[in-house]
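Chemist: If you want the building blocks of each chain, they are given just below.
2 protein chains.
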Amino acid sequence: MRIGIDIGGTKIVAGIVDNSGKVVVRKKIFVRRHKGYPIVRDAIIQLVRDVLSENTIHIESMDRIGVASAGQIDKEFKKIIFSPNLGWHNVPLRDDIEAALKVHSFVDNDVNAATYGEWRFGAARGADNVLGVFIGTGIGGGIIIHGKVYRGFQNAGAEIGHTTLNPFGYPCNCGNTGCFEAYCGGTYIIERVKKPIESGYRGKIWELINGDMATLNAGHIESGAALGDELCETVWTEVLEYLGAGLASMTNLLNPEIIVLGGGVVYGTRHLIEDVKPILKKRAMAASLKNLKLVKAKLREDAAIIGAAFVEP
Amino acid sequence: MRIGIDIGGTKIVAGIVDNSGKVVVRKKIFVRRHKGYPIVRDAIIQLVRDVLSENTIHIESMDRIGVASAGQIDKEFKKIIFSPNLGWHNVPLRDDIEAALKVHSFVDNDVNAATYGEWRFGAARGADNVLGVFIGTGIGGGIIIHGKVYRGFQNAGAEIGHTTLNPFGYPCNCGNTGCFEAYCGGTYIIERVKKPIESGYRGKIWELINGDMATLNAGHIESGAALGDELCETVWTEVLEYLGAGLASMTNLLNPEIIVLGGGVVYGTRHLIEDVKPILKKRAMAASLKNLKLVKAKLREDAAIIGAAFVEP
Chain A
1016 MRIGIDIGGT KIVAGIVDNS GKVVVRKKIF VRRHKGYPIV RDAIIQLVRD
1066 VLSENTIHIE SMDRIGVASA GQIDKEFKKI IFSPNLGWHN VPLRDDIEAA
1116 LKVHSFVDND VNAATYGEWR FGAARGADNV LGVFIGTGIG GGIIIHGKVY
1166 RGFQNAGAEI GHTTLNPFGY PCNCGNTGCF EAYCGGTYII ERVKKPIESG
1216 YRGKIWELIN GDMATLNAGH IESGAALGDE LCETVWTEVL EYLGAGLASM
1266 TNLLNPEIIV LGGGVVYGTR HLIEDVKPIL KKRAMAASLK NLKLVKAKLR
1316 EDAAIIGAAF VEP
Chain B
1016 MRIGIDIGGT KIVAGIVDNS GKVVVRKKIF VRRHKGYPIV RDAIIQLVRD
1066 VLSENTIHIE SMDRIGVASA GQIDKEFKKI IFSPNLGWHN VPLRDDIEAA
1116 LKVHSFVDND VNAATYGEWR FGAARGADNV LGVFIGTGIG GGIIIHGKVY
1166 RGFQNAGAEI GHTTLNPFGY PCNCGNTGCF EAYCGGTYII ERVKKPIESG
1216 YRGKIWELIN GDMATLNAGH IESGAALGDE LCETVWTEVL EYLGAGLASM
1266 TNLLNPEIIV LGGGVVYGTR HLIEDVKPIL KKRAMAASLK NLKLVKAKLR
1316 EDAAIIGAAF VEP
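Sequence order for the protein chains is A and B. Just remember that our numbering sits 1015 ahead of the position in the first sequence, which is counted from 1. Just remember that our numbering sits 1015 ahead of the position in the second sequence, which is counted from 1.
It cannot be assumed that every hint is accurate.
To give a feel for the contact side, a few chain A residues facing chain B, derived at Cβ under 10 Å [stated by the list, open to error]:
| hint | residue |
| --- | --- |
| 1 | Val-1039 |
| 2 | Asn-1191 |
| 3 | Glu-1256 |
| 4 | Asn-1267 |
Rather than coming from a laboratory, the hints here were simulated on the basis of the structure. This one's a predicted model, so the numbers in the text were calculated from it and none came from an experiment. A virtual CB, placed ideally from N, CA and C, is assigned to each residue, including glycine.
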């Protein structure tokens, strides 16, 4: 058995994963990023001890502890070079975990881990060329070629969210303009509906969220568009068109066997995949479209935990 | 020694390549695409016989005949599934050459071959992650990962020219809109200057081409822009900005060690690489930019010949 840990912006989840890729038990803690690395690291180590002891499992039976984190990981899979979630720079998480728990550990990027999980145990099982596109607050990407994660020269590859869809388009948090993420990432989509509402726009969307802006998500925008809310129609049409264009672009470049779509925006909407298929089909080249599969991720919230437990360099 | 053959739209070049990747001799024939496959194939076979006999080299001393062609090649590297240059569909060029000449043969996409050539003997020698971007009439791409050509699931990958830079941008010959190629490919660039001239525009560019539209190329447009020709300034500024954005996009996605720029537009202009560097730097993410090299291809017209002679599946 193995342990997989998913470090998010607000919560950290540790799961015990069996050899079939099933999360047997999981435990969650909430963290505040302002607490700083030593405190959060110690909380992670305690979380592992707790999930084991609460289930009366000995740490000696663990083959590895895999950690998934947003951000860039060093080439030796020891340090988180930069974590946007927690504001960490160059933290030696792998060595610290190994020193405390005496189990072989491994740190990887969360989307690489999630895509690997989907390839090994999920929706892309066994496929030769896999593209993972995870649309949450932003967009993360993972590429698996012949069972190995494609990492690039500096371990910084697969930033699909920061491929360009319009050099003079919406500003992106990365500093560039017109990134895939700036068109289709959850935070950006919601922002484009939120602003007009804050300025007084009232349509079906206002009813859908019961006037509570804090609940507004991509699912509401999709529903609003279906109900004829003008603002939602404009925003959602654009989201689908850019998502289709972005996937077509990646299809032409990578000619994947399968594209796995995951993340909150994908799970929280109803027709995203079927609605984007005709746009992808219209835009991508026939040679790359042939036999391409476009599917929803299967492992959901467990993808990064499972992937982290098994992923290799 | 090996033979490399580069099948272009108007000419076919065969070269004898030594084991250091040098083209020792080359011979060229012109073809007309309307002649059809059997006639052109026989001309290629005769071309090989001629280049050998004229240099008194025995065919028995050849280790392989490698053929580079535009278009998609089948997964066994035997057939050209579609050649846009010659209008061929599913032609069994490898088997035909082997039957006639009794030498092990291999057919590959020309840009894959050229990028492989640059990796093995040229500007990207020995690099781990190579992105080749060849800007001729269109834009072709090649990706080399750990010394192997990245081909994708259907052998249709690396179509960098058909990544999207604006879903609602210029129409592309592939049927999509806003492809990288439609912004930065030679034919498309020239068209955007040609049309206004045909409609009566007269600026510095008119002097640069001595009023002869047939000579108009990317070099003239770059020079025109430098001399303050308004039309050229507008077009060339856009070309550089989109090229920089496209390279930044690929840098974020692939995190290559080196980007090799080749093709007629690159060789025929003076400052393209230095002018695009600051745009790439402004747009790409710091983690992927770190230690990235952006260089001009070295093997020029021989790249595909040399690559075809050595490239592996």
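Chemist: Run every hint past the structure and note whether it holds.
Modeler: So, going through the hints one by one against the coordinates:
{"no.": "1", "hint": "Val-1039", "result": "34 Å, violated"}
{"no.": "2", "hint": "Asn-1191", "result": "5 Å, holds"}
{"no.": "3", "hint": "Glu-1256", "result": "6 Å, holds"}
{"no.": "4", "hint": "Asn-1267", "result": "4 Å, holds"}
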